[in-house]
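Enquirer: As a plain string of letters, each chain reads:
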Amino acid sequence: MNNNNFEIINTPIQINEVINKVEDRNAGAINTFIGTVRELTKGKKTVYLKYDAYISMAEKKLAQIGGEIQKEYPESKVAITHRIGELAISDIAVVIAVSTPHRADAFAASRYAIERIKEIVPIWKKEHWEDGEKWMGDQLEHKPYPEGKPEKGDLN
Amino acid sequence: MSIRILLFAELEEKVGTRQIEIDGTEMTAGEVRNTLLEKYPEVSAFNSAMMAINEEYADDQDVVREGDLVAFIPPVSGG
Chain A
1090 MNNNNFEIIN TPIQINEVIN KVEDRNAGAI NTFIGTVREL TKGKKTVYLK YDAYISMAEK
1150 KLAQIGGEIQ KEYPESKVAI THRIGELAIS DIAVVIAVST PHRADAFAAS RYAIERIKEI
1210 VPIWKKEHWE DGEKWMGDQL EHKPYPEGKP EKGDLN
Chain B
583 MSIRILLFAE LEEKVGTRQI EIDGTEMTAG EVRNTLLEKY PEVSAFNSAM MAINEEYADD
643 QDVVREGDLV AFIPPVSGG
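Line by line, the protein sequences give chains A and B. Just so you know, we're using our numbering here: the first sequence kicks off at 1090 and counts up by one. Just so you know, we're using our numbering here: the second sequence kicks off at 583 and counts up by one.
A portion of the hints provided could be inaccurate.
In silico SDA-like cross-links for lysine to any residue, where the CA-CA straight-line distance does not exceed 20 angstroms [stated by the list, open to error]: (1) K1223(A) / A627(B); (2) K1223(A) / E595(B); (3) K1223(A) / K596(B); (4) K1149(A) / N636(B); (5) K1223(A) / T599(B); (6) K1223(A) / N629(B); (7) K596(B) / G1226(A); (8) K1215(A) / I635(B); (9) K1139(A) / G598(B); (10) K1139(A) / R600(B); (11) K1223(A) / K621(B); (12) K596(B) / G1221(A); (13) K1149(A) / D650(B); (14) K1131(A) / F1196(A); (15) K1139(A) / N636(B); (16) K621(B) / E637(B); (17) K1139(A) / E624(B); (18) K1149(A) / D605(B); (19) K596(B) / H1217(A); (20) K1215(A) / G598(B); (21) K596(B) / D1227(A); (22) K1223(A) / G598(B); (23) K1149(A) / E637(B); (24) K596(B) / K1149(A); (25) K1223(A) / V597(B); (26) K1223(A) / I604(B); (27) K1207(A) / G1221(A); (28) K1149(A) / G598(B); (29) K1215(A) / D650(B).
These are computed hints drawn from the structure, not numbers from a lab.
Pulled out of the complex, with its shape left as it was, chain A reads as follows:
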């Protein structure tokens, strides 16, 4: 898969550019996931967010996720762009596009990609509230890591 399909950028994400990367004559579906900046988390009001990344490794890990999806769905195409820097409420933080011949696979693969990003891609979010700020840690709700890090099998 083309490596340009997996990007970390510090400018607003153009959704259509991500979608265009996965267009395919054999696709019957293109599913997109758009992750946006939420104002309220557990009642606490976010003013803005700052994302940072280990860019070179993050792009490799995004490409790894694309490879995992292609292994499961050989006819799929995947593109993922994540934005870093300062983001305001409702700004787009991540866009995932997956095309497959049939829609069920495109839905499943998009879901897989966003969950996997939260497991293995070195990107960090700093919440800025009215009364403080904090680098956020692991936010996976369904899979806490007992040792504070992914299991070996989750990484490779």
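Take the given structure of chain A and dock chain B to it, following the hints.
Expert: Positioned in the frame of chain A, the structure of chain B alone reads:
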């Protein structure tokens, strides 16, 4: 004779820089971690961070050699 180390997020902020170097030609990732815990005893986040060697996740027993790029990866929060 040094090993380059990258720090991110909370670790970068607490140590005050993104890149540091430590003396050494060959040691395990765990030894790198312990060296930094000794050097920055107030930064407990070194304990909970994952490590990467040359952009791949590593275990504490993996070996780091001179010229390798080590990174401490605090729990990630992308998406």
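Enquirer: Regarding the pair K596(B) and D1227(A), is the alpha-carbon distance no greater than 20 angstroms?
Expert: holds, 19 angstroms
Enquirer: Within 20 angstroms, alpha carbon to alpha carbon, are K1139(A) and N636(B)?
Expert: violated, 25 angstroms
Enquirer: Is the straight-line distance between the alpha-carbon of K1223(A) and that of I604(B) 20 angstroms or less?
Expert: Roughly 28 angstroms separates the two Cα atoms, so the pair is violated.
Enquirer: Sort out whether F1196(A) lies within 20 angstroms of K1131(A), counting only the CA atoms.
Expert: Since the Cα atoms of K1131(A) and F1196(A) sit roughly 27 angstroms apart, the hinted pair is violated (cutoff 20 angstroms).
Enquirer: Check the hint pairing K1223(A) with V597(B) against an upper bound of 20 angstroms on the C-alpha distance.
Expert: Given pair K1223(A), V597(B) holds - Cα atoms ~16 angstroms apart, limit 20 angstroms.
Enquirer: Straight-line Cα separation of K1223(A) and K621(B) no greater than 20 angstroms?
Expert: Violated, at about 24 angstroms.
Enquirer: Is it true that the CA of K1149(A) sits at most 20 angstroms from the CA of D605(B)?
Expert: With Cα atoms ~28 angstroms apart, K1149(A) and D605(B) exceed 20 angstroms; violated.
Enquirer: Take a quick look at whether K596(B) and G1221(A) sit within 20 angstroms of each other, Cα to Cα.
Expert: holds, 16 angstroms
Enquirer: Given the hint that K1139(A) pairs with R600(B), does the C-alpha gap stay at or below 20 angstroms?
Expert: Roughly 16 angstroms between the alpha carbons, so the hint for K1139(A) and R600(B) holds.
Enquirer: Mind checking the alpha carbons of K1223(A) and G598(B) for me, to see if they're no more than 20 angstroms apart?
Expert: holds, 16 angstroms
Enquirer: K1149(A) and D650(B): Cα distance at most 20 angstroms?
Expert: Holds, because 17 angstroms separates the two Cα atoms, which is no more than 20 angstroms.
Enquirer: Is K1223(A) within 20 angstroms of E595(B), Cα to Cα?
Expert: Given pair K1223(A), E595(B) holds - Cα atoms ~11 angstroms apart, limit 20 angstroms.
The structure is inconsistent with the numbered hints 8, 11, 14, 15, 16, 17, 18, 24, 26, 27, 28 and 29, although it conforms to all the rest.
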